[in-house]
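K.L.:
Respectively, the protein sequence lines represent chains G and W. Note that the working numbering numbers the first sequence so that position 278 is 278, with each residue one more than the last. Note that the working numbering numbers the second sequence so that position 66 is 66, with each residue one more than the last.
Check each hint, because a few of them may be wrong.
Here are the computed lysine to any residue pairs in the SDA-like style, where the Cα-Cα straight-line distance is at most 25 Å [to be verified]:
| hint | chain 1 | residue 1 | chain 2 | residue 2 |
| --- | --- | --- | --- | --- |
| 1 | W | 29 | G | 419 |
| 2 | W | 75 | G | 156 |
| 3 | G | 40 | G | 30 |
| 4 | W | 29 | G | 413 |
| 5 | G | 379 | G | 266 |
Residues on chain G that point at chain W, a partial pick, calculated with CB under 8 Å [as the list claims (entries may be wrong)]:
| hint | residue |
| --- | --- |
| 6 | 120 |
| 7 | 351 |
| 8 | 376 |
| 9 | 382 |
| 10 | 419 |
| 11 | 420 |
| 12 | 421 |
| 13 | 422 |
| 14 | 423 |
Label pairs and their calculated CB-CB ranges [claimed, not checked]:
| hint | chain 1 | residue 1 | chain 2 | residue 2 | range |
| --- | --- | --- | --- | --- | --- |
| 15 | W | 51 | G | 250 | 36 to 44 Å |
| 16 | W | 55 | G | 265 | 34 to 42 Å |
| 17 | G | 297 | W | 1 | 40 to 48 Å |
| 18 | W | 87 | G | 418 | 17 to 25 Å |
| 19 | W | 51 | G | 340 | 39 to 47 Å |
| 20 | W | 38 | G | 70 | 30 to 38 Å |
| 21 | W | 61 | G | 303 | 43 to 51 Å |
Simulated from the structure, these hints should not be mistaken for laboratory data. Glycine included, C-beta positions come from ideal geometry on N, C-alpha and C.
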Amino acid sequence: MSKVPQLIKDGQVQAVALSERVHWIGALDPTLRTFDIILKTANGTSYNAYAVRGSEGVAIIDTVKENFAGDFFARLETVARYDEIKVIVLNHLEPDHTGALPELMRRAPQAQLYISQKAQSMLKALLKQDEFEFTPVMTGDQVTLGDRSLEFFHTPYLHWPDTQCTYLPEERILFSGDVFGCHFCDLRLFNDEVGDFRFSFEYYYAHIMRPFKEHVNRALDLIEPLLPISQIAPAHGPLLRDQPQRYVHRYRELSRAVQQSETGEGPKTLLIFYISSYGNTRRMAEAIYEGAMTVNNVRVSLFDLEGGEIAPFVDLIEGADGLLFGTPTINGDAVKPVWDLLSSLAVVNLKTKLGGVFGSYGWSGEAVKMVEDRLRGLKLRVPIPGLRVKLIPTEEEIRNCREFGLELARELTGVRQSRVIDMADLA
Amino acid sequence: MAKASITFEDINITVSAPAGTRIIEISEKVGSGITYGCREGDCGTCIMKVTDGWNNLTEPSVLEDKVLRENMAGKHNRLACQAQVLSGKISVKPV
Ligand SMILES: Cc1cc2nc3c(=O)[nH]c(=O)nc-3n(C[C@H](O)[C@H](O)[C@H](O)COP(=O)(O)O)c2cc1C
Ligand code: FES
Ligand SMILES: [Fe+2]
Ligand SMILES: [Fe+2]
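Work out the full structure: start from the sequences and follow the hints.
P.N.:
Here it is, written out as structure tokens:
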């Protein structure tokens with residue numbers, strides 16, 4: 001017997017039951033090949049939305065991308081009338097889940113809208129109207145549908161500031177938004193029926209959740225106590241009814257690395273990256289390396305960008321405590337391999353890592369300042385002004401490089417004396 | 001001109017700065033771990049804790065108050081891209 005749920009029957013789209021009272025009313029988008037610019041989607045995606053029926057009304061959890069609103073409303077209409085809708089929950093305001101919201105609010109004007117505390121100003125920017133009502137909710141807030149209820153969990157930055165999860169305790173179903181989701185389109189819907197989506201699950205985490213590991217860990221602190229959950233109903237990809245806890249554990253595993261490096265007692269790690277045409281910036285790098293190595297409890301590594309590839313460097317950088325970049329100035333700019341690496345770091349969290357920049361130049365030397373500004377823009381802290389050397393470093397300049405390495409390594413170990421500076425003396 | 005003395009506790013650096021200087025202008029230069037996003041009081045990235053000298057900073061605007069509330073900030077929190085130093089001693093640190 002075919003296990004394919006009937007998404008379409010007699011030419012009409014159908015809702016799919018997760019349980020007697022809970023239905024999937026989302027839409028499939030099998031031809032999509034790129035999502036949010038940053039993700040490839042080899043077999044498309046789905047926009048999962050859900051309807052929950054209680055004895056005193058219906059809740060709709062999330063909607064779909066605007067051009068799929070037709071499927072969404074048609075599926076919704078097979079399980080509820082608009083005047084029965086009491087509650088609309090938005091777990092996440094990104095347009096792939098809120099595209100049908102304005103129309104849904106028109107069709108169900110009596111419904112109360114529930115969004116996270118952090119979603120309020122975003123909702124205004126999204127709906128482009130001033131007058132509408134909503135209820136901001138926090139962890140622990142609940143809304144009742146009679147014999148069913150919804151409980152909210154504040155899980156910000158997974159992957160926008162506004163994201164939250166919604167739990168249906170009477171059935172132990174977690175509506176998790178983008179969390180535990182993936183771009184995988186399969187009309188069999190449930191994880192025990194669909195094709196192999198392991199890659200898609202990992203890929204989604206790597207590009208969407210990875211920059212926010214600390215927030216993932218905090219969210220898991222809220223979600224794990226709910227286990228055993230009967231089903232996880234994410235906003236994209238397969239519905240996780242078979243061993244849902246596996247996906248919770250996998251998220252914990254994937255987010256653990258950061259937990260360890262941030263709380264670990266081991267040595268601090270300092271990575272020095274450089275690139276050099278005539279060896280001048282390289283000589284600086286080597287001297288900085290030597291200087292940094294004299295500091296105890298700092299593990300220093302030196303890499304020539306010319307001999308490496310970006311992906312493994314990104315992994316190293318994620319786990320490092322400090323990053324130094326050496327670049328010559330070529331045609332008034334830092335060189336492309338440096339920018340390429342610096343433009344590949346959006347998938348990791350760099351906040352408050354230590355940064356520093358150095359480089360040799362010929363006459364104008366713009367590169368160091370430009371990279372320094374970039375590091376600050378990436379939320380690194382750059383406590384020591386960049387070090388520039390005109391052409392070939394002298395003995396004295398080499399000593400300055402050693403000193404620069406030593407000071408930065410000391411910054412990392414946190415052994416610094418209190419200092420008083422006048423604003424006017426700051427570069 | 002009046003000067004204030006602001007300590008960044010995470011890096012143990014004190015800077016004396018003229019009244020009216022925004023904390024963002026100082027903290028980035030000395031490399032404090034306070035981080036910035038929008039830089040204009042909208043996103044809440046730069047929420048910091050004021051551990052001393054609350055009254056030696058300019059008062060939060062209505063907008064700043066709203067952003068602090070939306071981000072569920074505590075009562076010792078300010079936006080480092082908005083708060084300006086006035087005079088006396090101030091101590092801050094990243095949240
Ligand atoms: C994966 C992803 C990450 C985002 N990160 C940020 C962010 O860090 N800061 C921000 O201000 N907006 C962020 N946004 C929001 C987009 O900038 C916003 O949706 C914008 O309107 C998209 O413009 P577009 O329609 O021209 O692509 C992000 C959006 C996506 C999809
Ligand atoms: S940096 Fe966005 S509020 Fe200050
Ligand atoms: Fe999203
Ligand atoms: Fe999404």
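K.L.:
For every hint, state whether the structure bears it out.
P.N.:
Consistency of the hints with the structure:
A hinted pair counts as satisfied when its Cα atoms are at most 25 Å apart, and residue 29 of chain W with residue 419 of chain G qualifies at roughly 14 Å. For the hint pairing residue 75 of chain W with residue 156 of chain G, the CA-to-CA distance comes to about 20 Å; that is within 25 Å, so the pair holds. At most 25 Å may separate the alpha-carbon atoms for a hinted pair to count; residue 40 of chain G and residue 30 of chain G meet this at roughly 13 Å. Proposed proximity of residue 29 of chain W and residue 413 of chain G is supported: the alpha carbons are some 20 Å apart, at most 25 Å.
Of the pairs offered as hints, the one joining residue 379 of chain G and residue 266 of chain G holds, with about 24 Å between alpha carbons and a cut-off of 25 Å not exceeded. About 6 Å separates the beta-carbon of residue 120 of chain G from the nearest beta-carbon of chain W, less than 8 Å, and the hint is met. The restraint placing residue 351 of chain G at the interface with chain W holds, with a minimum CB-CB distance near 5 Å, inside the 8 Å limit. Below 8 Å, beta-carbon pairs count as interface contacts, and residue 376 of chain G has one with chain W at about 6 Å; its hint therefore holds.
Proximity of residue 382 of chain G to chain W holds as hinted, the smallest CB-CB distance being about 5 Å (cut-off 8 Å). The beta carbon of residue 419 of chain G is positioned within 8 Å of a beta carbon in chain W (closest approach about 5 Å), and the interface hint is therefore held. Because the beta carbon of residue 420 of chain G sits about 5 Å from the nearest beta carbon in chain W, less than 8 Å, this interface hint is met. Below 8 Å, beta-carbon pairs count as interface contacts, and residue 421 of chain G has one with chain W at about 5 Å; its hint therefore holds.
Satisfaction of the interface hint for residue 422 of chain G is found here, the shortest Cβ-Cβ separation to chain W being roughly 5 Å, below the 8 Å cut-off. A distance limit of 8 Å between C-beta atoms decides the matter here; for residue 423 of chain G the minimum to chain W is near 4 Å, and the interface restraint holds. Taking 36 to 44 Å as the suggested C-beta distance range, the pair residue 51 of chain W and residue 250 of chain G conforms, at roughly 39 Å. Between residue 55 of chain W and residue 265 of chain G the beta carbon distance is about 39 Å. The supplied range of 34 to 42 Å therefore holds.
At about 43 Å, the CB distance of residue 297 of chain G to residue 1 of chain W agrees with the hint of 40 to 48 Å. Our hint of 17 to 25 Å for residue 87 of chain W and residue 418 of chain G holds, since their Cβ atoms are close to 21 Å apart. Between residue 51 of chain W and residue 340 of chain G, the C-beta spacing of about 41 Å keeps the proposed range 39 to 47 Å intact. Checked against the given bound of 30 to 38 Å, the beta carbons of residue 38 of chain W and residue 70 of chain G, roughly 36 Å apart, stay inside it.
Checked against the hint of 43 to 51 Å, the pair residue 61 of chain W and residue 303 of chain G passes, with Cβ atoms roughly 46 Å apart.
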